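Participant: Chain by chain, the residues run as shown.
Protein chains: 4
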Amino acid sequence: MGIKKYSFRSDYCELAHPKVLEALANVGRAQLDSYGLDEFSLRAGELVKTKINAPSADVHFIAGGTLTNLVLISSALRPFEAVVAPESGHIFVHETGAIEAIGHKVCVMRGEGGKLRATDIEAVVVEHCDEHMVKPRLVYISLSAESGAIYTKEELLEISRCCRKNNLYLYIDGARLGAAMNSPFVDLKYEDIANMADAFYVGGTKNGALFGEALVILNNGLKADFRFHLKQKGALLAKGAAIGVQFEALLRDGLYDELASNAVAMGLKLADGIGELGYGFLYPPVTNLLIPIFPLGVADKLHMIYDFYDWQNLGDMTAARMLTSWATPEEMIDGFIADLKNIG
Amino acid sequence: MGIKKYSFRSDYCELAHPKVLEALANVGRAQLDSYGLDEFSLRAGELVKTKINAPSADVHFIAGGTLTNLVLISSALRPFEAVVAPESGHIFVHETGAIEAIGHKVCVMRGEGGKLRATDIEAVVVEHCDEHMVKPRLVYISLSAESGAIYTKEELLEISRCCRKNNLYLYIDGARLGAAMNSPFVDLKYEDIANMADAFYVGGTKNGALFGEALVILNNGLKADFRFHLKQKGALLAKGAAIGVQFEALLRDGLYDELASNAVAMGLKLADGIGELGYGFLYPPVTNLLIPIFPLGVADKLHMIYDFYDWQNLGDMTAARMLTSWATPEEMIDGFIADLKNIG
Amino acid sequence: MGIKKYSFRSDYCELAHPKVLEALANVGRAQLDSYGLDEFSLRAGELVKTKINAPSADVHFIAGGTLTNLVLISSALRPFEAVVAPESGHIFVHETGAIEAIGHKVCVMRGEGGKLRATDIEAVVVEHCDEHMVKPRLVYISLSAESGAIYTKEELLEISRCCRKNNLYLYIDGARLGAAMNSPFVDLKYEDIANMADAFYVGGTKNGALFGEALVILNNGLKADFRFHLKQKGALLAKGAAIGVQFEALLRDGLYDELASNAVAMGLKLADGIGELGYGFLYPPVTNLLIPIFPLGVADKLHMIYDFYDWQNLGDMTAARMLTSWATPEEMIDGFIADLKNIG
Amino acid sequence: MGIKKYSFRSDYCELAHPKVLEALANVGRAQLDSYGLDEFSLRAGELVKTKINAPSADVHFIAGGTLTNLVLISSALRPFEAVVAPESGHIFVHETGAIEAIGHKVCVMRGEGGKLRATDIEAVVVEHCDEHMVKPRLVYISLSAESGAIYTKEELLEISRCCRKNNLYLYIDGARLGAAMNSPFVDLKYEDIANMADAFYVGGTKNGALFGEALVILNNGLKADFRFHLKQKGALLAKGAAIGVQFEALLRDGLYDELASNAVAMGLKLADGIGELGYGFLYPPVTNLLIPIFPLGVADKLHMIYDFYDWQNLGDMTAARMLTSWATPEEMIDGFIADLKNIG
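Protein chains in written order, with the numbering used here: chain W, 193 to 536; chain A, 193 to 536; chain F, 193 to 536; chain P, 193 to 536.
Because the hints were derived from the structure by calculation, they are not lab data. Since the structure is predicted, the reported quantities are computational estimates derived from the model, not experimental observations. Just so you know, not all the hints are guaranteed correct.
Since copy identity is lost for identical chains, a pair holds within one copy or between any two.
[What the hints assert, rightly or not] Taking lysine to aspartate or glutamate pairs in the DMTMM-like style, the calculated list, with each CA pair at most 25 Å apart, reads:
hint, residue 1, residue 2
1, Lys211, Asp225
2, Lys211, Glu231
3, Lys415, Glu323
4, Lys415, Glu319
5, Lys345, Glu304
6, Lys197, Glu231
7, Lys493, Asp225
8, Lys197, Asp225
9, Lys241, Glu323
10, Lys241, Glu383
11, Lys196, Glu231
12, Lys196, Asp322
13, Lys381, Asp250
14, Lys196, Asp225
15, Lys415, Asp322
16, Lys345, Glu279
Sequences and hints are given; from them, build the entire structure.
Facilitator: Written out as structure tokens, the structure is:
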């Protein structure tokens, strides 16, 4: 990476925010309870519950997103039950069949703008009508979505109502929940998520933690015996405090939202700059993940200076995926825009 | 835990050695490659290979021991193939059926002193003779064993030869490899393990790391496509560097063996003290894990002052499991012996 | 097999009773509903329910015993839950890890005489005390057992009470249920089984059917969505009537018990003959499965004339497993005894 | 079903051809080897191999299609490997997630006319480029397809070449292989299938057998240890001869093709009649499965007299799925056409 000016590949390029590492160092040689039952994890769990205003929720800290997704989904479904997800859903595309590996089919619909709609869910439910087909039982969506989009409160309400009507769990992958909730375009509050979802996670890895996600279980039916599932899937860390300490540091004084705000601010500044130079976007930019559309020649030149993924081939254009993070310096945005101006 | 003097429950009570956390802090805001392909993980992998003198090995860093075991075993076996393990093996007893959850039976033998013998393996192979039974394909042992014992070089050679003769992989759970290799009673070198095993892991969690284990794959047949297995099981951390940085810090200047040496020294000092007071042991103490035998009355009084597990009920006696760690202060050993003297 | 006088290897050596095949032929070219919803299967289901006096039971017809076991167990357990079985249990020994392949550990106890005891179950429950271990949830026993033994009503009551107390399902493998229920030594009725078990199956394959078992589900909690499980595991035959027709033929006029009675009568006659010649048995013979103990020299000579398995090596003796079936002719028993007399 | 004139729902409405049942009856009380090692199964296996001109193939008899598919696919794939199939593929739609339940993702493409094209396969291979995605390893197609279509020799050759180039197994679901091979529109021979596929099955259930399919494994890499897979998945019948006897009866004197020919002849006669009355088809009818398009009013009236499935809703039209079988009498076709004429 060294030879390029900057990487916009992801929001997990930088290791961890200094305050997070400082909190870990401050533990010193204190002896802690193991497997997530230490005082740090317990306090961090309380902070999560306060933040989302869900005092009766269960909170579990897990090393990464794929592991979080697969443990929760494995715990929720019986063998013949299936997940409904948008075609762009991370579990469908980029987790190497992790859900199928625990035995479950993922039924996908195209959705719109990378977002699943209540009508998509209804269609899947109607189609799966007898025992020759799997039975849909859990809806998986991401907030923000893999396209960078955010569900509106109304959209999420419709999805939630549709789920309750059809006996479906609603599970929200919150790898980028911070970015979503700190977007100027969002009309949801953390509390709304807790009211509408049966489970979701508050992502740490992509928002300044060294590693770790906070899984929140709201539906009582999903709470019992969850630690058995965690242990069986290798998700119960002996030193669970390693994540608890981090989340305490992130949530105690607002650091979590502060970091997410910077990521989004940098993302939108980048979007503005790109837009002002006359380039369009695959979806309207609202968080720290943008998908600008560049002519191939421009993209090729940018690739020589910056790191980013090509999201979609559009013939003589390419849709590029660009991410900013809590650590992205403003001057890198300015520099990129200047370079883009020169190239274009 | 706070009100008791000290916990001898495990070697993962303390979070992480300061030098490990310092190394993490030193990374700063550098942008790193993701999913274990960063420079720290690459350098740490080289250090592992140098340490075990196996230049062509593959090294993967994984968040915890159960996850490491299940990914390796899942990658190695076809559906009808099984694991052979000692009855006390961690995967058989204390991983909530993680191996069965990925589809494989664990065939156990009692072994001796918590160690599996080549003759045990032969017996399992002979017994499983046709397609109505699973086919043994991988031998799982721990070094040091769950009983605290260490395999001798001769024992391990016999097991290794037995495995090669019978087309069995030999996989060694090295959660406490450091303690084993730094025992004054060991006659094995790291290099011997690499020569005899098809895969093993160098445990970090129980030897001063915040979290993480280094899985070493030696058999070429097990190397291909391993990252697919990691990703599918949720074991490929986006910020893989979080482990790589730690292992570089542990291995670069000998910290790993230094920490293990302290754990073992404290364990053996504790064993000596207990022995001098006339108590026996379930197995001869050779590492940082001891199983002393106390009369129930003594054990009850100790439990009021110290934390430790009861390993086995022996009627009017109890076999207690006690562990020391890299962080155990010598005065805690002295204190415990003094308390035990008073109680006895 | 042709050159030997007779095979005592199993009770499934002969294809099917003529009346069963006649019933299949009588269907002619009638068009039938598929997937077990045809009139024959429905009537056969009613006959099963009448026989066991359980009008609210659900009955499903499945091609074979291993498939029946794995579908039922897969439907009943959540991922971290486990089966408790005797060490000689068919699912533990002779189904190639079928239960582990659907994700579940089988916890075994030695039991006595091939039978599991309520105290064995209690011991397993007590031992599995936290989320680091699987949670026992279903008890598997066979009636008659793999050793040929039959549980007494009192033994089964104790097991049933123990299961209910500990929130365990009781599932009975009835591959040889006919033989058990038609033994002069049995004090159980079909109805008792239905009252005590949560599910069991009435075996057809080993009692005159061409193939097929009748799975009976009594616990309401296990009934819902069962056809999804059947279909997913490949156990829902398009021509389900192929089994339904057979069970109607077996149950309508008492053929099922008639065939089992002959199998047992021949078994006990064989046992008497062997006993009168001074040979002992590993377990007291009570059904159509005997385990006589022969000196190696005698066994070797018998193997030249008859087919049977060696069950256990006892040094200079061998425990031989011998089975009679619905089709075993009395003269074969007489012949065997005469041959044994000459050999001994 | 009784009150309607006839069912065109499927080709498995009638139980079994009389000669098949006669063959079963002729076995009498002969004692047979178990688990598919009997003389009938061995002879039937030879007949299959002769028919497809593949003397070194392995043949296994399995109770049903879903079970056959899942055992073969489970045996062929490592955990991260996936199946490529057409969107209409039976394993994707109508087997209740059986393939996902054994851990594998099914990647689908729309294809054309219900048939997958080599270019579809290439596209899936190209798209799955790294360890964050599953790795395609086996192509599943059906012959005849679920749409009733038949692959041409050229199409199958292209698929086969594409598979070999991309290290993909080609597996063909032959539930309706008989109908395909006896269509006047086919340009493939049984031998061609054997030359191009790595494995396929010759369906019995839908072509006059009581139950059972003959799985043919051609690729040596898929042969070893296959009986372990069969047993583990509950697919190794104790009385394997129950299928072997049937296949011997079907293949010895040409009965298999004779029955398939009748099914196809009746199907095409039905197609002709429908076409002559001016109705179109979703795909050109070439086998015993037709998908005619009727106005809703016509379909509603037909449903009152005949049994058949609605395959697809087309607004004010419906695409109906109709099947004929080995047992369909010509007068039923005439009657249906007459009724359709009256209704239309």
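Participant: Next step is simple, just say for each hint if it's right about the structure.
Facilitator: To see whether the hints hold, each was checked on the structure:
In this assembly of identical chains, Lys211 and Asp225 lie within 25 Å of each other by CA distance both inside one copy and across copies; the values are 23 Å within and 22 Å between. Within a single copy, Lys211 and Glu231 get their C-alpha atoms as close as 19 Å, and across copies as close as 23 Å, so both meet the 25 Å cut-off. Taking the shortest Cα distances, Lys415 and Glu323 sit within 25 Å of each other only across copies (14 Å), while inside one copy they are farther apart (28 Å). Only between protomers do Lys415 and Glu319 lie at most 25 Å apart by alpha-carbon distance; the minimum there is 23 Å, versus 30 Å within a single protomer.
In this assembly of identical chains, the alpha carbons of Lys345 and Glu304 lie at most 25 Å apart only when taken from the same copy (16 Å versus 40 Å across copies). Taking CA atoms no more than 25 Å apart as the test, Lys197 paired with Glu231 passes between copies only; the shortest distance there is 17 Å, against 42 Å inside one copy. For the identical chains of this complex, Lys493 and Asp225 are inter-copy neighbours only, at 21 Å across copies versus 53 Å inside a copy, given an alpha-carbon limit of 25 Å. Taking CA atoms no more than 25 Å apart as the test, Lys197 paired with Asp225 passes between copies only; the shortest distance there is 14 Å, against 44 Å inside one copy.
In this homomeric assembly, Lys241 and Glu323 come within 25 Å of each other (Cα to Cα) only across copies, at 24 Å, whereas the closest approach inside a single copy is 39 Å. In this assembly of identical chains, Lys241 and Glu383 lie within 25 Å of each other by CA distance solely inside one copy; the values are 10 Å within and 49 Å between copies. Taking the shortest Cα distances, Lys196 and Glu231 sit within 25 Å of each other only across copies (15 Å), while inside one copy they are farther apart (43 Å). For the homomeric pair Lys196 and Asp322, the shortest alpha-carbon distance between copies (23 Å) is at most 25 Å, but the shortest distance inside one copy (55 Å) is not.
Taking CA atoms no more than 25 Å apart as the test, Lys381 paired with Asp250 passes inside one copy only; the shortest distance there is 19 Å, against 46 Å between copies. For the identical chains of this complex, Lys196 and Asp225 are inter-copy neighbours only, at 12 Å across copies versus 44 Å inside a copy, given an alpha-carbon limit of 25 Å. In this assembly of identical chains, the alpha carbons of Lys415 and Asp322 lie at most 25 Å apart only when taken from different copies (16 Å versus 29 Å within one copy). In the homo-oligomer, the alpha carbons of Lys345 and Glu279 lie at most 25 Å apart inside one protomer (21 Å), although the nearest pairing across protomers, at 34 Å, exceeds that limit.
Of the numbered hints listed earlier, not one is contradicted by the structure.
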